[in-house]
Structure formats: structure tokens, C-alpha cells
Amino acid sequence: MLTDEIKEDMFDAMDDYACTMDSMEKVLANYPTLSIRQFFRYVDKEEDLRQYYVRAMERRGEYLMTLHWELANEPLPPMDMSAVQNKRVRIAALEYQIGKLAPKKYGTKVGVEHTGEVKVTPQLDNTQFEKLKDALLQKANEVKMVEQPFEDVE
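Counting from 1, position 28 in the sequence shown corresponds to residue 28 in the working numbering; the numbering is continuous, with no gaps.
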């Protein structure tokens with residue numbers, strides 16, 4: 001049964017989740033009245049909890065973008081390649097997580113979209129085309145006239 005105390009714990013847990021790098025399971029460990037299973041059941045059933053969860057996810061995306069920006073602009077010690085690699089991995093992991101949270105806003109675009117008309121303009125006029133066609137036909141005839149280097153062996 002969803003009580004006011006549990007509901008308040010859920011709002012607090014969503015606020016904590018939105019502003020940390022912790023998983024929802026880790027955040028909910030601080031709230032003994034909630035399990036991860038109960039949490040998502042209540043979110044599914046209650047409209048106000050669902051709307052709050054959506055806003056919490058948006059805030060988490062903003063938090064992760066801020067963290068990403070700070071990490072990307074953090075100065076590195078000179079010539080420390082392991083620190084550079086570590087930073088690249090952390091940035092890539094954050095980009096992946098941010099892209100999964102809000103794919104329309106932060107995700108990488110995979111597909112190629114085209115709108116409008118496709119118009120092909122010829123580069124050769126008719127006389128140039130005829131000359132090219134004649135040259136290709138002549139070359140094809142020359143190739144046919146060359147004897148084959150190997151004879152069929154029976």
C-alpha cells in the first residue's frame with residue numbers, strides 16, 4: 001500500500017538519483033521502505049510519481065551533461081598518457097549514458113534522412129555522349145579481336 005511516507009521517500013529517492021552518478025538500486029538502499037521492484041510498480045501506477053520520475057530523468061540528463069562538460073574541460077597533467085586515456089574512457093561512458101537517457105536530445109544520429117527532390121543533371125551533352133560511346137565500342141571491339149592466350153586442352 002502506498003502511504004504518504006513511502007511517497008515522500010520516493011520523491012526524495014528520485015531527487016537523489018537525478019543528482020548523483022549512483023544507480024537507482026544504490027540510491028534506494030538508503031530508503032528501507034522501498035525496493036527497486038516496489039519503486040517501479042508505484043511509478044507505473046501513480047500519475048504524479050510518473051511525471052516526477054520523467055522530470056527527474058531530465059534533471060539527471062542535465063546533471064550528466066554538466067559533469068561531462070566539467071570532465072572534458074578539466075586540465076590534465078603534462079604528458080600523462082594514462083590520465084588522457086582514463087579521461088577519454090570516462091567521457092565516452094558519460095556520452096553513452098547521456099545518449100541513452102535522452103536519445104532525441106543527446107543521442108548520436110545513426111540514420112541518414114533525406115527530404116526533398118533528387119535531381120540529376122547530366123554532365124555530358126549529346127555530342128560528348130556519342131563520342132564517348134563510340135570510343136568505348138571501338139575499345140570493346142579491339143579487345144574481342146585479340147587472340148586468347150590459352151587454348152582449350154582436351
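Hints in this document: simulated from the structure, not taken from any laboratory. Ideal placement from N, C-alpha and C gives every residue a C-beta, glycine not left out. The reader is advised that the hints may include incorrect statements.
Label-pair ranges, simulated between beta-carbon atoms [as the list claims (entries may be wrong)]: (1) Q128 x R88: 20 to 28 Å; (2) Q51 x Q123: 53 to 61 Å; (3) P103 x D48: 46 to 54 Å; (4) D125 x K87: 51 to 59 Å; (5) S35 x Q97: 20 to 28 Å; (6) R50 x H114: 35 to 43 Å.
Checked hints:
The given range of 20 to 28 Å is broken by Q128 and R88, whose C-beta atoms sit roughly 52 Å from each other. For Q51 and Q123, the Cβ-Cβ distance of about 58 Å falls inside the hinted range of 53 to 61 Å, so the restraint holds. P103 and D48 have their C-beta atoms about 25 Å apart, which leaves the hinted 46 to 54 Å range violated. Taking 51 to 59 Å as the suggested C-beta distance range, the pair D125 and K87 conforms, at roughly 57 Å.
For S35 and Q97, the Cβ-Cβ distance of about 24 Å falls inside the hinted range of 20 to 28 Å, so the restraint holds. For the hinted restraint 35 to 43 Å between R50 and H114, the CB-CB distance of approximately 37 Å keeps it satisfied.
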